[in-house]
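Visitor: Here's the letter readout for the chains.
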Amino acid sequence: MNGVRIAAVSYDSQAVLKEFAAKFGIGYPLLSDHDSGVIRRFGIFNFNIAPGLRAYGVPHPVNYLVAPDGMVTRKYYVPNYQHRVTASAVVLREFGAVSEDAAQVTLRNGALTVEIGLSSAKAFAGQEISLYAKFSLEPKWHVYGAPVPNTYTSTSITFDDPKIISQSVTLPEARLMEIPVLGETLPVYEGTFQGQGSLLLKFPLDAGRIMLAGRLRFQLCSDTVCEAPEAVAFELPLTIEPFMMPTK
Amino acid sequence: MAYDVPEDLAEKAAIMKEFGRRRAAGEPVPAELYARHVNATNDRYTTGPEPGARIPDFVLPDQNGALRSLPDLTGSNGLLLVFHRSAEW
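These protein sequence lines map, in sequence, to chains A and B.
Take 199 as the starting number for the first sequence in the working numbering and just add one per residue.
Take 5 as the starting number for the second sequence in the working numbering and just add one per residue.
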């Protein structure tokens with residue numbers, strides 16, 4: 199994974215973490231900060247939670263990308279805990295790696311092939327997950343960036359799915375290309391390129407397998423001909439993990 | 005580090021208890037209660053060391069009981085250190 203490893207810290211006891219690691223097949227270290235001493239020294243102890251409550255001692259959730267010498271290089275946090283960035287989404291954004299069992303779909307349409315996938319196979323309701331889209335075009339064919347005149351269709355991936363309450367999918371900067379046969383200079387994509395996005399899942403969601411419904415829109419043109427714009431529907435599976443609240 | 009107990013700790017506790025009670029009982033949670041619970045939990049959210057600063061040294065046991073610290077946890081390009089609420093809930 200590009201030389202970066204993961205470790206997670208919580209206030210759980212070592213026994214709880216051992217059971218959790220076995221149950222979910224977690225291979226990376228789960229560190230037991232049972233008296234919240236390290237949480238306090240990081241300055242992230244959550245003082246809003248009174249002693250006596252089950253959650254007393256938890257931190258404000260934060261993820262740090264730390265260099266081998268201990269220096270923080272990046273920090274990730276979202277103040278609403280229902281919208282926490284998943285660790286796998288961080289890995290995708292920073293390192294371009296995805297978990298092996300994450301969902302992906304490959305769409306092929308003539309000169310264009312697109313692989314669209316999620317950063318992980320599982321998520322909790324209310325979390326943000328990452329998406330990647332790898333585009334590959336045969337030589338002499340292009341698709342459009344934005345903005346383009348309304349006679350052309352720019353390239354986009356959108357999710358019209360009520361389970362996604364917020365979305366943002368971005369493509370790299372397109373190249374301005376003069377297209378003599380059309381008499382226009384337009385932003386285009388050629389060859390291979392990759393887009394990335396983030397999807398915020400609704401809360402609550404029932405646990406279990408869901409399908410996220412999306413649509414890929416594009417228009418393929420060569421130097422001599424334009425095809426009709428396309429809107430290709432696709433689905434990506436995701437397993438929503440049960441959200442368990444403290445019972446006392 | 006200064007102990008920073010909020011003045012409205014008791015009120016926050018009441019909100020959190022009511023939220024937890026309804027969830028555990030399978031009762032619907034009114035949007036307003038949910039919002040108050042989230043706001044109570046995230047009040048004065050602190051995030052710890054900034055980019056460029058060093059994290060504190062630490063030694064903690066992992067799930068197998070081995071004591072771990074940054075030098076043995078880090079990869080060649082670094083460590084993603086995740087602080088989350090609980091593995092149990």
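None of these hints come from the bench; they were simulated from the model.
Don't take every hint at face value.
[Claimed, not checked] To give a feel for the contact side, a few chain A residues facing chain B, derived at Cβ under 7 Å: (1) Val-202; (2) Val-207; (3) Arg-239; (4) Phe-240; (5) Asn-246; (6) Val-270; (7) Trp-339.
For each residue, glycine too, the CB sits at the ideal point set by N, CA and C.
Visitor: With chain B as the partner, please determine if Phe-240/A meets the hint condition of a C-beta pair closer than 7 Å.
Guide: holds, 4 Å
Visitor: How about Val-270/A: closest beta carbon in chain B under 7 Å, or not?
Guide: holds, 5 Å
Visitor: Report holds or violated for the interface hint on Val-207/A, using the least CB-CB distance to chain B and a cut-off of 7 Å.
Guide: It holds, given that the least Cβ distance between Val-207/A and chain B is near 5 Å, below 7 Å.
Visitor: A closest beta-carbon separation below 7 Å is what the hint needs, so does Asn-246/A meet it against chain B?
Guide: holds, 5 Å
Visitor: Less than 7 Å between beta-carbons is the criterion; does Arg-239/A satisfy it with respect to chain B?
Guide: holds, 4 Å
Visitor: Would the hint on Val-202/A stand, with a C-beta cut-off of 7 Å toward chain B?
Guide: Val-202/A check passes; min Cβ-Cβ to chain B is 5 Å, inside 7 Å.
Visitor: With 7 Å as the cut and Cβ atoms as the points, is Trp-339/A at the interface with chain B?
Guide: At about 37 Å, which exceeds the 7 Å cut-off, the nearest Cβ of chain B leaves the hint on Trp-339/A violated.
Of the numbered hints given earlier, the model fails hint 7 alone.
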